[in-house]
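Line by line, the protein sequences give chains S and R. Going by this note's numbering, the letters in the first sequence line up with residues 1 to 303, in that order. Going by this note's numbering, the letters in the second sequence line up with residues 1 to 311, in that order.
No lab work stands behind these hints, which were simulated from the structure alone. Note that beta-carbon positions come from the ideal geometry of N, C-alpha and C, so glycine has one too. Hints may contain errors.
[To be verified] Beta-carbon label-pair distances, calculated as ranges:
#1 Ala14(R) - Arg191(S): 18 to 28 Å
#2 Glu300(S) - Val198(R): 24 to 34 Å
#3 Ser142(S) - Val95(R): 47 to 57 Å
#4 Ala195(S) - Gln199(R): 32 to 42 Å
#5 Asp193(S) - Asp211(R): 35 to 45 Å
#6 Ser122(R) - Ser142(S): 50 to 60 Å
#7 Ala195(S) - Ile54(R): 37 to 47 Å
#8 Leu95(S) - Asp256(R): 47 to 57 Å
#9 Trp35(S) - Asp256(R): 28 to 38 Å
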Amino acid sequence: MQRSTANRLTPYMFMAPAIVIMALALMYPLGYMIWGSFRDWNPSQTIGEAEFVGLKNYITLWGDPNFHESLGVTLKFAFFVVTIEMVLGVGLALLLDRDIRGISVLRTMFILPMMIAPVVVGLMWRYMYHPTVGTFNRTLDSLGIPRVDWLGDYALMSIIIADIWQWTPFIFILSLAALQSLPRSALEAARIDGATPWQQIIHIKLPLMMPVLIVTALLRLIDAFKVLEVILVMTEGGPGLSTEILALRISRTATEFRELGVAAAMSNYLLILLLLLTVAMFAFNRWQETRAARVQALVEEDD
Amino acid sequence: MASPNTKANPAFYAVIALLVFMSVGPVILMFANSFKLDVDIISGSSGLIFLPTIQNYEKALCDVLWYEPDHVDFCSLKFGGAFINSLIIALISTVLTLVIGCMAAYALVRFRFMGRDTVSLSTLMVRMVPPAVLLVPVFGLWNNEFCLDRDGLIGGAIRDTFGGRGDVCLAGTHGGIILIYVAMNLPFVIWILQSFIVQVPRSLEEAARVDGAGPFQVFFKVVLPLIKPGLAAAAIFTFRIAWNEYLLASALSDRDTRTVPILIVNNMSEFNVEWGVIMATGMLLAIPPIIFTLFASRQIITGMTAGAVKG
Chain S
1 MQRSTANRLT PYMFMAPAIV IMALALMYPL GYMIWGSFRD WNPSQTIGEA EFVGLKNYIT
61 LWGDPNFHES LGVTLKFAFF VVTIEMVLGV GLALLLDRDI RGISVLRTMF ILPMMIAPVV
121 VGLMWRYMYH PTVGTFNRTL DSLGIPRVDW LGDYALMSII IADIWQWTPF IFILSLAALQ
181 SLPRSALEAA RIDGATPWQQ IIHIKLPLMM PVLIVTALLR LIDAFKVLEV ILVMTEGGPG
241 LSTEILALRI SRTATEFREL GVAAAMSNYL LILLLLLTVA MFAFNRWQET RAARVQALVE
301 EDD
Chain R
1 MASPNTKANP AFYAVIALLV FMSVGPVILM FANSFKLDVD IISGSSGLIF LPTIQNYEKA
61 LCDVLWYEPD HVDFCSLKFG GAFINSLIIA LISTVLTLVI GCMAAYALVR FRFMGRDTVS
121 LSTLMVRMVP PAVLLVPVFG LWNNEFCLDR DGLIGGAIRD TFGGRGDVCL AGTHGGIILI
181 YVAMNLPFVI WILQSFIVQV PRSLEEAARV DGAGPFQVFF KVVLPLIKPG LAAAAIFTFR
241 IAWNEYLLAS ALSDRDTRTV PILIVNNMSE FNVEWGVIMA TGMLLAIPPI IFTLFASRQI
301 ITGMTAGAVK G
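Hey, can you work out the whole structure from these sequences and the hints?
This is the structure we're talking about:
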């Protein structure tokens with residue numbers, strides 16, 4: 001009797017610590033943030049002392065040109081980063097998908113940029129982009145080409161390049177894994193039927209990889225909205241607001257402008273945006289999966 | 001999947017060499033610069049020929065060195081202390097996350113709490129939350145709500161022992177930072193470990209149970225040894241996030257609990273950057289992840305692909 005009670009309680013005992021911690025440090029803060037976003041709240045007050053202002057923070061933000069600018073920068077950054085990284089990463093995977101000796105060493109080198117702290121990545125790139133001592137402008141100088149003001153006029157492009165450097169390997173490794181787990185029969189059949197390499201890629205490899213690619217793109221997209229440290233170290237959001245992505249603006253609103261309520265409302269906007277994107281990608285994924293299954297069935301029929 | 005007609009040609013290897021150069025180049029550049037004097041960095045006398053010096057490292061680590069380097073007049077950069085803080089926080093939060101996450105993943109798989117889909121969906125949802133979004137609530141809660149009253153029993157005892165004013169709060173302690181890191185990493189760890197535990201044959205556990213092992217013994221003696229690769233992957237990812245994170249740590253730490261990323265950012269934002277020293281601190285911060293990468297790249301790739309490819 002005692003024993004069976006213990007057994008029945010086991011799963012709950014195993015789950016309890018995780019649930020308690022996540023409720024306390026993840027769910028409760030999120031709820032707290034939503035509550036706080038309706039208040040005029042500064043860091044020296046407790047939330048109870050802050051005045052309730054209803055939707056004021058949200059409305060202020062809705063009409064705030066700085067917020068629009070920042071939102072635009074975030075979307076632009078996320079769009080370019082994900083698109084370029086997907087094209088490069090998948091392209092490289094298709095190109096390098098053959099038996100090379102020492103592929104594991106190669107992969108090790110490629111994951112290095114991802115493992116290093118974003119702060120350090122920002123530091124390295126800030127050095128390389130430096131107008132006078134930086135690597136790029138030195139190289140341009142020695143080639144006799146006029147210098148480029150990397151972190152000035154082209155700041156957004158420069159942070160996009162840095163992010164591409166750091167995260168293309170992620171997509172490369174995932175798509176290579178996907179590519180190498182494709183059913184060989186389909187590729188074999190296509191080759192026997194005389195499909196050119198291009199036809200193989202477009203009609204067989206890419207459609208079959210699609211589910212993985214979608215998930216990869218989704219993960220990358222989510223992470224693109226989280227990038228903060230790299231940009232903070234490289235440009236601190238400047239010049240002007242040209243690289244101030246939302247995450248950075250939230251942290252500045254909270255720490256510099258000391259408007260926790262507004263920062264919370266901004267966080268909520270960001271969360272809603274991400275939620276919409278995730279749901280959209282999931283729906284798309286479902287649809288693609290059914291389509292991919294159909295393609296696969298067709299390919300197998302042809303065998 | 002080498003097709004017979006694609007013989008490896010020089011151009012192919014050139015592409016690979018270029019890629020390797022591009023991904024490793026900046027790291028090597030930083031490594032080289034961390035051994036240069038600022039004068040050499042700024043004058044830019046050719047990249048690789050220079051007299052290496054460890055002055056930058058001495059300057060960065062001046063608070064934990066056993067001797068006093070002559071070129072350091074005043075130890076402004078308390079890097080050693082920050083390094084120790086980073087180590088404490090990253091190690092403890094990794095261990096806690098693994099233990100708690102492992103137990104939860106096991107319960108989820110074996111006792112059929114929720115479907116696999118629910119877990120992956122909620123993992124994705126949590127993964128979606130940027131740290132910046134947590135900044136405001138965590139700052140507020142850790143400073144105002146997660147406190148022990150200074151007049152209370154435990155809070156009073158802590159104030160008597162350690163001094164200080166006001167209520168005893170989580171903000172500014174190692175524990176506060178560890179708590180948020182554990183919470184942030186748990187969903188991902190549970191997700192990864194789950195995909196490994198699913199592969200442990202149930203019959204193995206039943207055999208152990210027939211032999212008289214209790215649920216905890218089954219878990220520790222049978223399941224844990226079998227999912228070591230998963231544990232390694234989860235450990236590396238958790239450690240990496242805890243070690244590299246800046247934003248939440250900067251909101252929650254005080255002078256004594258500062259971690260390395262905070263120190264680097266603080267020194268960067270000044271107008272006149274001392275490149276040599278800052279590169280040395282950056283290199284020191286990058287060393288543990290680099291070591292992991294070199295020795296456990298297989299586990300890292302497992303961890304990365306487990307999510308996306310297995311779905």
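Hint check:
no.	hint	in the structure
1	Ala14(R) - Arg191(S): 18 to 28 Å	holds (27 Å)
2	Glu300(S) - Val198(R): 24 to 34 Å	holds (27 Å)
3	Ser142(S) - Val95(R): 47 to 57 Å	holds (50 Å)
4	Ala195(S) - Gln199(R): 32 to 42 Å	holds (36 Å)
5	Asp193(S) - Asp211(R): 35 to 45 Å	violated (56 Å)
6	Ser122(R) - Ser142(S): 50 to 60 Å	holds (54 Å)
7	Ala195(S) - Ile54(R): 37 to 47 Å	violated (59 Å)
8	Leu95(S) - Asp256(R): 47 to 57 Å	holds (51 Å)
9	Trp35(S) - Asp256(R): 28 to 38 Å	holds (31 Å)
Checked against the numbered hints listed earlier, the structure breaks hints 5 and 7; every other hint is satisfied.
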